[in-house]
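What follows is each chain in one-letter form.
Number of protein chains: 4
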Amino acid sequence: MDKNGFAKKPPMGWNSYDYYDTTVTEADVKRNADFMAAHLKDFGWEYIVVDIEWYAKRAGSRRDEYQYIPFEEVEMDEYSRLLPDPERFPSAKDGAGFRPLADYVHEKGLKFGIHIMRGIPRNAAHSHVGLLGTDKTAADIADPANTCFWNPDMYGIRPEKPESQMYYDSLMKLYAEWGVDFIKCDDICREDARSAHDEIRMLQEAIQKSGREIVLSLSPGPARIEEAWHYEKYANMWRITDDFWDDWKLLKNMFERCELWQNHVSAGNYPDCDMLPLGRIAEAFGNGHETNFTKEEQKTMMTLWCIFGSPLMMGGEMPGFDEFTMDLITNREILHLQDFAGAGRQVRRNDNEAVWVSFDREKDTVYAALFNLSDESREIILSETETGESLARSIRFSGKSMKELWGEAAPEIKEGSLMAEVPAHGVQIYGIM
Amino acid sequence: MDKNGFAKKPPMGWNSYDYYDTTVTEADVKRNADFMAAHLKDFGWEYIVVDIEWYAKRAGSRRDEYQYIPFEEVEMDEYSRLLPDPERFPSAKDGAGFRPLADYVHEKGLKFGIHIMRGIPRNAAHSHVGLLGTDKTAADIADPANTCFWNPDMYGIRPEKPESQMYYDSLMKLYAEWGVDFIKCDDICREDARSAHDEIRMLQEAIQKSGREIVLSLSPGPARIEEAWHYEKYANMWRITDDFWDDWKLLKNMFERCELWQNHVSAGNYPDCDMLPLGRIAEAFGNGHETNFTKEEQKTMMTLWCIFGSPLMMGGEMPGFDEFTMDLITNREILHLQDFAGAGRQVRRNDNEAVWVSFDREKDTVYAALFNLSDESREIILSETETGESLARSIRFSGKSMKELWGEAAPEIKEGSLMAEVPAHGVQIYGIM
Amino acid sequence: MDKNGFAKKPPMGWNSYDYYDTTVTEADVKRNADFMAAHLKDFGWEYIVVDIEWYAKRAGSRRDEYQYIPFEEVEMDEYSRLLPDPERFPSAKDGAGFRPLADYVHEKGLKFGIHIMRGIPRNAAHSHVGLLGTDKTAADIADPANTCFWNPDMYGIRPEKPESQMYYDSLMKLYAEWGVDFIKCDDICREDARSAHDEIRMLQEAIQKSGREIVLSLSPGPARIEEAWHYEKYANMWRITDDFWDDWKLLKNMFERCELWQNHVSAGNYPDCDMLPLGRIAEAFGNGHETNFTKEEQKTMMTLWCIFGSPLMMGGEMPGFDEFTMDLITNREILHLQDFAGAGRQVRRNDNEAVWVSFDREKDTVYAALFNLSDESREIILSETETGESLARSIRFSGKSMKELWGEAAPEIKEGSLMAEVPAHGVQIYGIM
Amino acid sequence: MDKNGFAKKPPMGWNSYDYYDTTVTEADVKRNADFMAAHLKDFGWEYIVVDIEWYAKRAGSRRDEYQYIPFEEVEMDEYSRLLPDPERFPSAKDGAGFRPLADYVHEKGLKFGIHIMRGIPRNAAHSHVGLLGTDKTAADIADPANTCFWNPDMYGIRPEKPESQMYYDSLMKLYAEWGVDFIKCDDICREDARSAHDEIRMLQEAIQKSGREIVLSLSPGPARIEEAWHYEKYANMWRITDDFWDDWKLLKNMFERCELWQNHVSAGNYPDCDMLPLGRIAEAFGNGHETNFTKEEQKTMMTLWCIFGSPLMMGGEMPGFDEFTMDLITNREILHLQDFAGAGRQVRRNDNEAVWVSFDREKDTVYAALFNLSDESREIILSETETGESLARSIRFSGKSMKELWGEAAPEIKEGSLMAEVPAHGVQIYGIM
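Chains as they are written, first to last, in my numbering: chain A, 491 to 923; chain B, 491 to 923; chain C, 491 to 923; chain D, 491 to 923.
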């Protein structure tokens, strides 16, 4: 299997974290799956991803003290493999695991994903739980010095032990049996994660052995640009940022990260700008609210994610989305930019503005996005020559038809330059053909 | 002018540094130009570049103490612009500058390049020498805290002063008048160079104003991957390494650098692996010798530079090249890899071996290079599946014709895998069509 | 209790680590205590310290894989307090703890010390074992992200929880009941130890509450000079180096560390150069051997430790000491330097030599130590003026009686300078009165 | 000469910088010297120090652009030694140098100091000016890569050249001839100053050769604690902070620095908290104003500097001092703390308060200073036991007479504890005898 074939376009879907934190239930997942199937599937949205601690008993019950309760029970099989907490995922009882829920999602014509933490459960190591296919136990492959600084569930494994690869193989075998299509592996994509370099490779090796095309997504970021080749070799997505939330500073900062990673987007390889905090979010964080992003900021976010080629993962509770949000995420012309992910290039960036272009070579259409990063409305100008011949041989404004994709008026053209008045934190993006 | 059009393929040429250090003379340059025109031009070699301190009096005369004599006289015009030392460049006398030498090179059908240091001469600042087009002086734009740690000639300029851009404009105006085709700007491409970020942009702006297509090459490296977009926006080449010499450790290390920069090669944009220390080198360093690289290492170097897409700049004294060296640098099949620079991709790299592939999409040919980085002969295997579909849709070995480009036997194919015995530090590269 | 009164001179004793690693038994301890009482007590040697993992079952039984076996059983009481493994310490059975062994040592006229790791046992946290005086458990105060990178036994505690102080109080209460005189707390004295700053304070607070004068020694080092005041406020000794072994490079490097810490030696405050690897060592490391230090190096070590004011802790198995070693560690004149620890000052240090002086103000005697740090015999000169008036008002050579403390000839004096031929890696130290 | 004898107590004086920046004139110096002689000498104030750029023509004339005008003329002799600008120092004309001004100061019973920059004038190097006692020139010892990032006047020297020591010798010879008592050498006491380690030693060697007792003060700081022994070996004072101004954040931060350096104060060795920004300051900075410190903060500053043992250098223009300021700097009981500089020790420090004690062993008096570092009035408590026996054997409150040195009421004593209500940012200090 060619891992680049697992996801030929940037994956689009929904992830439970931004709204449900560690508390998501089977009913919550189904509700969102139903909504996606009914309203979003036609636009390309397809992944339903259950995020962190689906295996943890009483997850979220001491939220004032801990996001992740330490030393708590987890649901686990005899091979040190975590299973869904049957309290929250009733269909998982009797060892069924996520198979029933995955079936449900698949029947809707969607794909099913889960979150995992790098490593093996600490509980398994301390209790010397077994491993599939060997009489060694979790204690033999767990590395007690290899911990995650923000989550207490796992020990990193010892890559040099053959049983460590066997353990990852056993995980992917189980996930393949369940029908999992997407793995978001956490604590594996940042400076501080010891042994993560090896574990990325081991995970892909386990996926290949499983025989199922499972998209591999790495978290939490920021990913290291020095490891770019390694990510491209073994994974499909990698977070280029720490957790992203509805804060303009973080959104503005994403332009810097997209500049850095723009040459690393290609089929099967997607630097990941993280979930879209749209609609109502943060409910289980004790901070439920409608996204703090203004409408202009939301359009800026969608435009950047799409012209750059990031995966699109919804963070909010979808059933409550209002009309504006639905329009935002079902704008076919914006989403079309994902069809040629990797073609987008930054033309300019400073503290006040950013300009990106992209190219649909099949339809011979150029796209130019003018972002206003300043706090005031601002005229942004793009001249034909700035993009450069090599970037866009065909970028000539005269004699072209132009359309603003969010429904604004077409821009003014004067002497080979395109001029637009863009609102604060906003964007205008033109299709030029 | 589109700077990406200045050099549509990685520049190929000769540079005086590796052999002549600071001592190169007009006669030396002509001798090498004559040789290139007679023997190498047909293979694509065309640039003749005069490297560091062509303006410095008595350069190289105190080599036991200093590579660059501090506080020494320089040849300079009334606008703080350095001129060739007429002792070493007699045709430059009476203010002719490099015009006569450039003419000579052009008449041979070649192109002419010079080295400059970022900034303005310290001598000009301390003597308050004028600037073209303003009554401010060098003292007004020189920044006394902005120095190069390894060369004493210049002060960096103050980017915020408009006269600084005027100074760079005046330089490029003069170089355009001389007929310069290539500028290697030094002390501008590394972590420690203060204000370099701005000066890169200012140099390209000055080139654009000059009206002449002058290739802009940045030195000394290692360039910063975080600045990749900035280099691609304003320059044509940037060194991804500090000075490269004939030492296996440096050559082996280049594989790491090429991994890092492989996604940043495109028309007009060339991460630069530095000069090729071939033939006799280091003469004026007091250390004249034939290259220490073995023949295998030389083939490894040429293959890597070409499949990666680095510029090729000869470092040795060309007239003395032996037959092996001439064959090495006139292998049309190897040089052909440069025609699709940017297509090369690393498939594997570890301490013992590296594998790269590239694609000539016009001729539907795949190239696979198997490098032995270990110190012993070694069988290297490449399976069809390792390259990945997205990388190389067409990489199927069976039914293909194969040719080793350095003249070795074609490789053995077994069950979808290509196997080759590669000598220590050596390479085998196959054209598969 | 004034913690500076717990040890008015640098502690002198024996520590089980260098010879026994994690395997020391009651019989081993007694054998060494017997020897010390018989042969060394009169010279000031008095502490008998049981080092790491006296609580660990099967400690040392998988030495090829692990120094510290992860996820292994430990002996522990119902309050999460570790107890001696009764297999190795039979007298500890039935909850007697170290009381019987401490009694044995005390009866010999010696003092008894133990090693602990910062924090609370991981086993206690994962099994929710109780704490003395509260119904909270170990899981409530253990911080799963607060681990030691080289030992898997403990989790660091959460300093902000009142039960954490209660836990440390309960430890010191137990140790006081046992009759412990000396605690060597590990994983607490280095850059990487999270929360260690607070735990140092908490340990001293627990000692004060225990009502017993227990010397507090911090490990592993290198201690941070920025924390010097904090150590002096709350501890008695702190390691200024990582583990020290019988390697000249480490010994030479100790001169640099002593330079840095020399102003921080005073009554009750001893920067610690670590154990003396003398005699036979490293037995349980699978590397048993007589110290690699030459006789000259051993004298250098003893002289530096004493003139600087470091604690003296024997690392080797004492019963086998030969005559040279016994003479080395029972040289009363050298040991006398410890009586005015803190008076020593470095006069000079370079790559080839170091000179220290110290002052016995009661007896109006100056000591001058000339260390040869080079690899060849060397004449070292000390002039009266170099020491400086403020350092040594009385340091005048003429008219003084001089004696070399290791039994060498008195030095030559010429024109206010003292001259000595010192062997490679050796020392000569003069008492001048 | 023993450099520790040059200043047996922390130097007290006035420095021109805080008020005059680079513009100070002979008249200004005399006016302040007259004032000191008349009003402050009896209290121990004695140094009059001319700070930076007394040699620079037109210093301060382009203050909107530059603090230090680059590439400007300087007054210099034929041996590359800077001389006072005769425009600002008329008595210096005809090569008299600072001799006449030093005489003036000496006649007042005061001492005379000057500021220098590490290195040799750039102008001397670029013009190949001579050196005393050799036919080498400034160009031979100046290191063009060894520059100060904030001042353009000098190049650092090459320590390995014997002429470099000769140059420093020639400087100190000249200063000794002038009658200089104090050298503040700048750009020599911080992480970034290349070759500074050697130059500190070379300066002291030059002072020793000069035969004059010249106090050596190092700037700008923060000094490196790792170099403490080196400073103590070769200098008398070293700045433990970057420039200190009248800002509470800087003053609060000084407590942290004093904690770090408290063990390094002894006769002839003074970690330096920098000038006291009292009275009117910053005039020549274009920002003339009365100190921003409140009266409480001024008392806090004076108390900390004195109990710690810092030199005291007045920064403001003395003739305009008001009664409060005069009382502040002539409080004999506070200044008396300097008589036993080095005895002071921090007892406690946290974000809200700091406590220091010191001891006059001759008079058997203990001093206890209670600093309120918080922004609100606060009761601060000191118990007898907290200071520790070793620190203060005699610190018993009962039966002692107590006096608050700034004139406040004596503190309340209860059960072995001293309690005081201290105003925000303020201090109370008690003499206990």
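Take the hints with a grain of salt, since some may be wrong.
Identical copies carry no separate label here, and so any pair may be met within one copy or between two of them.
The calculated DSSO-like cross-link candidates involving lysine-lysine, where the alpha carbons are at most 30 Å apart (straight line), are [claimed, not checked]:
(1) LYS498 to LYS531
(2) LYS699 to LYS904
(3) LYS742 to LYS699
(4) LYS742 to LYS498
(5) LYS785 to LYS626
(6) LYS520 to LYS742
(7) LYS583 to LYS853
(8) LYS890 to LYS583
(9) LYS904 to LYS890
(10) LYS547 to LYS531
(11) LYS890 to LYS699
(12) LYS853 to LYS547
(13) LYS742 to LYS651
(14) LYS499 to LYS785
(15) LYS626 to LYS699
(16) LYS626 to LYS531
(17) LYS742 to LYS626
(18) LYS853 to LYS498
(19) LYS739 to LYS904
(20) LYS853 to LYS499
No lab work stands behind these hints, which were simulated from the structure alone.
Hints, one by one, checked against the model:
1. LYS498 to LYS531: within (17 Å within a copy, 44 Å between copies)
2. LYS699 to LYS904: Intra 58 Å, inter 22 Å, cutoff 30 Å: inter-copy only.
3. LYS742 to LYS699: Intra 41 Å, inter 33 Å, cutoff 30 Å: neither.
4. LYS742 to LYS498: Close inside one copy (28 Å), not across copies (34 Å); limit 30 Å.
5. LYS785 to LYS626: neither (55 Å within a copy, 49 Å between copies)
6. LYS520 to LYS742: For LYS520 and LYS742, the Cα distance exceeds 30 Å both inside one copy (34 Å) and across copies (54 Å).
7. LYS583 to LYS853: Answer is neither; intra-copy 51 Å and inter-copy 58 Å both fail.
8. LYS890 to LYS583: Cα proximity of LYS890 and LYS583: none, with 61 Å in one copy and 54 Å across.
9. LYS904 to LYS890: So LYS904 and LYS890 pass the 30 Å test inside one copy only (13 Å; across, 54 Å).
10. LYS547 to LYS531: Result: close neither inside a copy nor across copies, 32 Å intra and 59 Å inter.
11. LYS890 to LYS699: between (51 Å within a copy, 29 Å between copies)
12. LYS853 to LYS547: neither (52 Å within a copy, 60 Å between copies)
13. LYS742 to LYS651: Cα proximity of LYS742 and LYS651: across copies only (29 Å, versus 43 Å in one copy).
14. LYS499 to LYS785: within (26 Å within a copy, 45 Å between copies)
15. LYS626 to LYS699: Only inside one copy: LYS626 and LYS699 sit 21 Å apart there, 46 Å across copies, limit 30 Å.
16. LYS626 to LYS531: Result: close neither inside a copy nor across copies, 45 Å intra and 50 Å inter.
17. LYS742 to LYS626: neither (49 Å within a copy, 39 Å between copies)
18. LYS853 to LYS498: both (19 Å within a copy, 25 Å between copies)
19. LYS739 to LYS904: Neither: 33 Å inside a chain and 54 Å across chains, both beyond 30 Å.
20. LYS853 to LYS499: both (18 Å within a copy, 28 Å between copies)
The structure fails to meet hints 3, 5, 6, 7, 8, 10, 12, 16, 17, 19 from the earlier list, while all remaining hints are met.
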